[in-house]
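Participant: Chain residues, written in single-letter form:
Number of protein chains: 4
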Amino acid sequence: MKTIAVLTSGGDAPGMNACIRSVVRGAIYHNLNIYGIIRGYKGVIEGDMIKMESRSVSNIIQQGGTILKSARSDEFRTKIGRQKAYEQMKKHGIEGLVVIGGNGSFTGAEIFYKEYGIPTIGVPGTIDNDLYGTDYTIGFDTAVNTALDAVDKIRDTADSHDRVFFVEVMGRDSGYIAIQTGIGGGAEIVMVPENPDSIEGVIESLRSGRNNQKSSSIVIVAEGEEVGNAHYVAIKAKEKLTNMDIRVTNLGHIQRGGAPTAMDRILGSRLGLAAVEGLIAGRKNEMVGIVDDKVVYTTFQDAINKKKPLNKDLIKMVNILSI
Amino acid sequence: MKTIAVLTSGGDAPGMNACIRSVVRGAIYHNLNIYGIIRGYKGVIEGDMIKMESRSVSNIIQQGGTILKSARSDEFRTKIGRQKAYEQMKKHGIEGLVVIGGNGSFTGAEIFYKEYGIPTIGVPGTIDNDLYGTDYTIGFDTAVNTALDAVDKIRDTADSHDRVFFVEVMGRDSGYIAIQTGIGGGAEIVMVPENPDSIEGVIESLRSGRNNQKSSSIVIVAEGEEVGNAHYVAIKAKEKLTNMDIRVTNLGHIQRGGAPTAMDRILGSRLGLAAVEGLIAGRKNEMVGIVDDKVVYTTFQDAINKKKPLNKDLIKMVNILSI
Amino acid sequence: MKTIAVLTSGGDAPGMNACIRSVVRGAIYHNLNIYGIIRGYKGVIEGDMIKMESRSVSNIIQQGGTILKSARSDEFRTKIGRQKAYEQMKKHGIEGLVVIGGNGSFTGAEIFYKEYGIPTIGVPGTIDNDLYGTDYTIGFDTAVNTALDAVDKIRDTADSHDRVFFVEVMGRDSGYIAIQTGIGGGAEIVMVPENPDSIEGVIESLRSGRNNQKSSSIVIVAEGEEVGNAHYVAIKAKEKLTNMDIRVTNLGHIQRGGAPTAMDRILGSRLGLAAVEGLIAGRKNEMVGIVDDKVVYTTFQDAINKKKPLNKDLIKMVNILSI
Amino acid sequence: MKTIAVLTSGGDAPGMNACIRSVVRGAIYHNLNIYGIIRGYKGVIEGDMIKMESRSVSNIIQQGGTILKSARSDEFRTKIGRQKAYEQMKKHGIEGLVVIGGNGSFTGAEIFYKEYGIPTIGVPGTIDNDLYGTDYTIGFDTAVNTALDAVDKIRDTADSHDRVFFVEVMGRDSGYIAIQTGIGGGAEIVMVPENPDSIEGVIESLRSGRNNQKSSSIVIVAEGEEVGNAHYVAIKAKEKLTNMDIRVTNLGHIQRGGAPTAMDRILGSRLGLAAVEGLIAGRKNEMVGIVDDKVVYTTFQDAINKKKPLNKDLIKMVNILSI
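Protein chains in written order, with our numbering: chain R, 1 to 323; chain L, 1 to 323; chain H, 1 to 323; chain X, 1 to 323.
Isolated chain R (complex conformation) (with noise of 0.2 Å):
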């Protein structure tokens, strides 16, 4: 192996370029050329690569988002453009390759191996942790910082008026943001979907914390339909507690940004420079991951199919922490 590619796709996710700049000089450590390619699939199919130096990735660790950019391909979903994708790496000398994404990357990147034989290793980056085969996805620590400080923002307000804050997090299809989010910021209900609290459930918690005098309360919600809909629960919520002054905040996109944290920029550090000596020792569709502080090697069936579960305890010691 000569030389190898590297690109971000999916969703951004802060320490996404502490692992670019991992691979990059990883790679150049162990003597391999490197491509940088921008805007992910899209990218590929086009021709849209430079080669990476180690200055390249200079002063890069620090900043939140991509320097390759991120971008959907539907062209790459389709026969013709994997082929366009294939003709540009072989013209490039390409045998490898470094995808640091979620899901729907590691899809493509394995039916592009069956096809046309260039070696994948995924590496987890996304803000969801929703991944089977790591303990922490890239991005998430940092999403789930980001949105306490949000939420310590909120309780100043919140105690200042006894008011009911509902909170939306991200994580449409799993509460690793918001179970993190609700512990740490103190919240005294935390809505997820491995756990679907009926709304009446909710509602009742809150009339016995005020009954127990409570004067303030956050109520964490993991985004997703009706149940995960911060909004359409505070209405159902004002119908029943009418004497309380409920409140809504959706946290949006702030959640993608912003310097990584220590634990994200390690993260990527590892998983980037694992990736490369994967490819180095011959290994193909796989994901990267570090569970329990090792590196293991998920295949991409696994990492896309299975399901990380959310530690029970978590869920459990919410209710412990707020009576």
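Watch out, some of these pointers could steer you wrong.
Pairs involving identical chains hold if they fit within one copy or between any two copies, as the list cannot separate such chains.
As a list, the in silico BS3-like pairs of lysine-lysine whose alpha-carbon atoms are at most 30 Å apart [what the hints assert, rightly or not]: (1) 306 / 114; (2) 316 / 2; (3) 114 / 294; (4) 51 / 316; (5) 214 / 51.
Rather than coming from a laboratory, the hints here were simulated on the basis of the structure.
Owing to the predicted nature of the structure, the values given are computational and were not obtained by experimental measurement.
Put chains L, H and X on the given structure of chain R with help from the hints.
Facilitator: For chains L, H and X alone, kept in the frame of chain R given last:
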């Protein structure tokens, strides 16, 4: 004058605690007794107040919100409510009042004075900075920096995905937060009530920016009806700019909380002390402010009715800096 | 068991308050009385303790430091001091103790148990992360992120002036803070006690980095004698590298304070609850920790005497990533 | 005037990049060519400069440091150095210069003008805020907020251990950073060069504070000889206050870096544009500043020689607020 009291009223703002601390210690320094009234005018009516000592305000200067809490009081708008309030003040021997809040709070104080002769000094505490008689209100600088931090994060993801973001900030009737956040955040467009852009103009600017090779853009929208509603504006923009990836985020209540900036702590401290010294000097029915780094007192009439214009140079500068 | 108590001992660490909150609410949840002891073992001897209610720990989860305060107690090292302590505990009916602190605190607890049979569970609260029996100690993640934030700032000025900075971080006997700060901060060199670099080696690395077109460099130094003293190392480096602009900064006590990160709040919460449940289950003389995301209990003997090694991969990675 | 250039000189300050961006885009807006000179006057002499486009300054407004770098230039202090500088400017067709920096930088510009007639406008960029002719210098507000954030953290640990902390901040000849950090941080004492406390006075204040039931104290020290050296003062204090636990921390270089605050970004933006417009209007040998929210130009002579006094009210307020 032997005994005075302090309350916070209206929306909470970072720096209010620094101001309360300064009122309390300023009063003690000048040998006055000082009461802290809980939940604004509601607390006056209910006699919910506590004698403050120097230690009562230890370690609060860095806290957002208000330790005295704030609340609406419909009862204080009635004659009978104000009579109860007066009786409580007489009972506690309170001869002067410091009210930290906004427009509505000062109106109440003025009526109360006309009826019962209790002198009040107002302190401008509101994140909106929309009060005449002071260059800055307590909480404004913190709100701007919080919004700016959010915009920095959003810029990371906007750049990574070549997106256009409409970001709604607070300031219903005033574009102060929007213009400062816009300039500080390097926004391409800032929509403020003082200088209403047509939505068509905004769309045109985004189109020409894209032609000018800008791959991402930030539009700051000061909250309001239609043109002040980021979701509404974004929907209109999407209709015309179908090739752009347009997103919306509403920063919401995080703008109210958080540890105050240096400027808000110092402003709160200066104004709190000046309010106490104003009462001692026999002032009444005035708001204390800082204009050109000097303490000034403005009648409630002027503070409430006069308009503080937005610096036109700043509006113009947005366009120059986004080329 | 009807009544237990909690104290903090040794250096304060962010997340201790989250842990105190969890001990208090965990105890109440399990129908125990709970005392908060002020100033560690000193407070036990002096009977300086207060009955805690659920509301006693409201709104502290986000605060640095410890509301129970911490202090040295030479008296507790004496037989007579411990006897007084025992009498106070008997007087208050305290049958179990949670000690949040480090090595020295656990040693005291063990002696006390041998003499008076009061069971204690220890909780690892120290920013240094140098305790066997837990992957992370409370406060470590916050300290690393604080140090990292400082290094990001220093990198701005190092780059602007083409300087070499020696940055000293905490961790007298352990390089955990240094190695994580170094990798996260993109440092060129990290000097840790576990892997002593010769000063000559450091000088050589800096020289070759400069030859390799690096215009600025960051060296992280874990505090200690000579090779752990950034000022000393810098003086030696200046003698040899006369053409470089070399500066030193010692991050000092800022590493101990500040609002805890999500990780430290969650860790503190989990460990506090597990400490209470350990006592209820009849455990004693053990430190509770989290290893591989599971609660584990380790004897004080092992926690104090066994060494938790630094991950060698991380040390190696610094060199690869700084090429 | 067809072509101008911009450079940064002296110590870097957060907001310099916002200012560079504004100079570049302001120049382009007014149809001027604009060069960015690397490493200050050194870069002029060496002809190290690049033509700037609007895109050259994208995404830098939030970055600390200076993308143009800064350096000392002993050669520019010589006649021969300045002649080389002039030749480079002639060669590039540069007819005007914007110098972002402090006192020393303006002195150089003035001499250069006298010899070669190249008009220069200076922009006050220094964290110390010690320049006459502007209410605030670029970088000051960020430095104060950084110092304040550090003091908030130190207060956590001071309170937890009942300690006295001496915290040294930057500002060799001016107490601006110290006084604002002190008031904002709730310090008990602030030692500034403008109002030299005797060390005995400081010791007396600490002793009476302790008598007055203060369990912890913060003393802010503006750097300098003896009374401006926190370590020295602390040693003296320890000799007399043997029952207090006294610690020292020097905030050091972290005060120079970091993402600029809103105020510094806006100030940098306004001053950069005004500098360009000043050159166009034929101004020279002047520093542009903002006084009472208005753009003003001050001769280099006055900016260099006149003294901007510290607001005496602030000094007095420290004592009142720490009772």
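Participant: When no copy is specified for residue 214 and residue 51, does a C-alpha distance of 30 Å or less occur within a copy, between copies, both, or neither?
Facilitator: between (59 Å within a copy, 19 Å between copies)
Participant: If the cut is 30 Å between Cα atoms, do residue 51 and residue 316 qualify within a copy, between copies, both or neither?
Facilitator: between (50 Å within a copy, 25 Å between copies)
Participant: Under a CA distance limit of 30 Å, which applies to residue 114 and residue 294: within one copy, between copies, both, or neither?
Facilitator: within (29 Å within a copy, 39 Å between copies)
Participant: How do residue 316 and residue 2 come out at 30 Å by Cα distance, when the copy is not named: within, between, both, or neither?
Facilitator: Only across copies: residue 316 and residue 2 sit 23 Å apart there, 51 Å inside one copy, limit 30 Å.
Participant: Taking 30 Å as the upper bound on the Cα-Cα distance, should residue 306 and residue 114 be classified as within, between, both, or neither?
Facilitator: Answer is within: at 21 Å inside a copy they meet the 30 Å cutoff, but 50 Å across does not.
Hint compliance for this structure: no hint is broken.
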